[in-house]
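Student: All chains, please: the whole structure from these sequences, using the hints.
Heads up, my numbering is the position in the sequence shown plus 11, with the first residue counted as 1.
Honestly, the hints are just simulated from the structure, not real lab data. Be careful, since some hints might not be right.
To be verified - Below are the SDA-like pairs computed for lysine to any residue, each with C-alpha atoms no more than 25 Å apart in a straight line:
1) K128 with A31
2) K128 with L50
3) K18 with G49
4) K18 with A67
5) K18 with K130
6) K27 with A109
7) K18 with A109
8) K76 with L50
9) K76 with T66
10) K29 with I98
11) K76 with G63
12) K56 with K142
13) K27 with G72
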Amino acid sequence: MRKLTIKTCGDFTVAKIKRALQTAAGFTGEKPNDIPDGLTVDLLKVAGESTGAVTAQTDKGEYTKLSGSFIGTDMTTGELYQSGACILLQFVGAQLGAALLSNKGSAVEFAFLIQAKSKASSVTGYEFVVKPLMESKPTDSMARLMSLAGIDSAPKLSAPEGKPEGDGRAVKSKK
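Tutor: This is the structure we're talking about:
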């Protein structure tokens, strides 16, 4: 797989996410019912070790592409995906990219559960919820390898222009 994203890891389109929420709400007919606000459904688990980050812009907005080693699981089917590139939700990717910059060449390990949470006031009818499954932290393996190879520091990445929408934090669901 070229890159691991919400779209490529399980083909989570707006329609597929809405169907998953409808199923979680107990709906089985042909016409959609009103899904209660706050209902969540697990979409993906993504884990990885990021060794680099690049911020770019498309017509759909800004994103941070992480490089390293990543694995994702479609929580609706159990299918596994693996890639050397990963694009997460912008506020998550930007935070991991910033962690890489501050760690001066050390890789950053992370694991997240990505959910969809129904929200009637949203254009799509849902919003994403990102729950950390572990504390994202730098690893010493990359620094050790760089030292063995005689590399003083990792290439410097430019900081993203502007700031992510919202306050840069994940949405937390109530339990």
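Student: Given the hinted pair K56 and K142, is their alpha-carbon gap at most 25 Å?
Tutor: Given that 25 Å is the threshold and the Cα spacing comes to 9 Å, the pair holds.
Student: Within 25 Å, alpha carbon to alpha carbon, are K27 and G72?
Tutor: With a Cα-Cα distance of about 22 Å, the restraint between K27 and G72 holds, given a limit of 25 Å.
Student: Holds or violated: K18 and K130, Cα atoms, limit 25 Å.
Tutor: Answer holds: K18 to K130 is near 20 Å, not above 25 Å.
Student: Within 25 Å, alpha carbon to alpha carbon, are K18 and G49?
Tutor: Given pair K18, G49 holds - Cα atoms ~22 Å apart, limit 25 Å.
Student: Holds or violated: K128 and L50, Cα atoms, limit 25 Å.
Tutor: holds, 5 Å
Student: Does K27 pair with A109 here, judged by a C-alpha cut-off of 25 Å?
Tutor: violated, 32 Å
Student: For the pair supplied as a hint, K76 and T66, is the alpha-carbon distance within the 25 Å limit?
Tutor: holds, 6 Å
Student: Quickly compare the C-alpha distance for K76 and G63 to 25 Å and report which way the hint goes.
Tutor: holds, 8 Å
Student: Checking one constraint from the list: CA of K18 to CA of A67, max 25 Å. Satisfied?
Tutor: Distance of about 18 Å is within 25 Å: holds.
Student: Holds or violated: are the alpha carbons of K76 and L50 at most 25 Å from each other?
Tutor: violated, 29 Å
Student: Please verify whether K18 and A109 have alpha carbons no more than 25 Å apart.
Tutor: holds, 24 Å
Student: Would the pair K29 and I98 pass a check requiring their Cα atoms to be no farther apart than 25 Å?
Tutor: Given that 25 Å is the threshold and the Cα spacing comes to 22 Å, the pair holds.
Going through the hint list in order, the structure does not satisfy hints 6 and 8.
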